[in-house]
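Protein chains in written order, with our numbering: chain A, 626 to 942; chain W, 6 to 125.
Any given hint could be a false lead.
[What the hints assert, rightly or not] Keeping only pairs whose Cα atoms sit at most 16 angstroms apart, straight-line, the calculated EDC-like set for lysine to aspartate or glutamate is:
#1 W/Lys-75 to A/Asp-653
#2 W/Lys-57 to A/Glu-680
#3 W/Lys-75 to A/Asp-656
#4 W/Lys-75 to A/Glu-655
#5 A/Lys-674 to W/Glu-36
#6 W/Lys-57 to A/Glu-646
#7 W/Lys-75 to A/Asp-857
#8 W/Lys-75 to A/Asp-687
#9 W/Lys-57 to A/Glu-655
No lab work stands behind these hints: they were computed from the structure.
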Amino acid sequence: MKTFLNDLRNALKNKNISAIEIEDIIKDHEDMIEEAKSEGLSEEEILTKLGKPEEIAEGLADFEEKDTSTETQKTQHILKEFEVQSTSIDVSVSMSTETTEYKLVDSKSIRVLCRSNKEPSGYEVSFKNDTLKVEAPKLTQFLSFLSRGKGIEFIIEIPKSLAINHFKHSTLSGDVHLDGFNIKHLEMNTVSGDIKVSKLEITEAQWYTVSGDITLDKSRLSSLKSSQVSGDLFVLSSAIEEYIDLDTVSGDMYLEDSKADSCKVNSVSGDVRGKEFYPNKISLSSISGNINIKNQEKRHIEIISRSTLSGSIHIHT
Amino acid sequence: MNAQFKRGIIELCVLSILVEKDLYGYRIIHELSEFIDVSENTIYPILRRLTKESYFETYVQESNEGAPRKYYRMTEEGFVYYLKLREEWDAFIGGVYRIINQGGKKNEDIFKRFKKRFEE
């Protein structure tokens, strides 16, 4: 057994897996050997059950933390570049695990860049009828989920001069960053990916996430519909002209230094915490979720409706 | 069998076990190897990867039989992922069955037809 563990340790080292991870993996194997022994398995049987150390290391190598000294450098690829004639465009992007960052640029063309260890493949990038489309390899076929886009970063450059009509971004676990854009309709969906948007001018925004966190910072919107299951929402230094609809199961919502005309909260157990948050009207529908607002300035906040089992609305000034 | 393909199926099997209950590593491997021919060196890396991707979390619990055990518990993200994989699998395997059963399920019938064509 000692030999097995030693071989495994060496095999993991050969794959450049970091020391902390190696200790953790060895510990797991010691535990499994103990379990097998207590079930009365012979040494030989246990070794067959465990398999070859090299194969274990092989199976772990592609995702464990590596010793950074030897990590391969990510390279940047330009996937596509499009000259744009018109003044406004639509954007529709669908990712799976890739991180995506949108950037405003001075140039006249849209560029889709990708930073990854390997040459990216299977991505569909097109610009037709004034619509920019980026699609990660489809996950509908059974085998395709094996080739995940883990660790791949997308950078999408959009000329400053362009107005964006409809902006849609969906992703499974990839994060998305958006900074400084002017958008009419914004729509985002994520399962576990985080959404970070700042300095936006949006007419209508709508997003949905299961467990990702959402941060909206320094933005001006007409209206916002936010729907989350367990992810948290942060609205910071933003102004919402009309309404803000917040839907949550257990995620909490933090609103700071922001204002809105009306704020409607629909929650199971998620709470709303406001600090320097000034809506004109507020309504709460919840099981146990609360609304707590702490403001310096005394401004009237009208409570339109309150329907809750054990939740409450508190406004302190 | 193609290694990647096998890994995908085992991933779904691991998820299917943990969707029902929390279990420790050795037990997961044991439950799988009761039905399919896999060894620890295939299952362990999958367990670890799914944990790294936050589909599982782990906690340690004392046991009556000796050392404390590291249990794996499926997260909400894991559940969403499980549903997705399962759907993909159903669609894929459904398609496969339709193809291989095009000529019916009886080997004798298929053989008769084949033989007839062969003789023509």
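Against the structure, the hints come out as follows:
{"no.": "1", "hint": "W/Lys-75 to A/Asp-653", "in the structure": "holds, 8 angstroms"}
{"no.": "2", "hint": "W/Lys-57 to A/Glu-680", "in the structure": "violated, 19 angstroms"}
{"no.": "3", "hint": "W/Lys-75 to A/Asp-656", "in the structure": "holds, 9 angstroms"}
{"no.": "4", "hint": "W/Lys-75 to A/Glu-655", "in the structure": "holds, 12 angstroms"}
{"no.": "5", "hint": "A/Lys-674 to W/Glu-36", "in the structure": "holds, 13 angstroms"}
{"no.": "6", "hint": "W/Lys-57 to A/Glu-646", "in the structure": "holds, 11 angstroms"}
{"no.": "7", "hint": "W/Lys-75 to A/Asp-857", "in the structure": "violated, 29 angstroms"}
{"no.": "8", "hint": "W/Lys-75 to A/Asp-687", "in the structure": "violated, 23 angstroms"}
{"no.": "9", "hint": "W/Lys-57 to A/Glu-655", "in the structure": "violated, 20 angstroms"}
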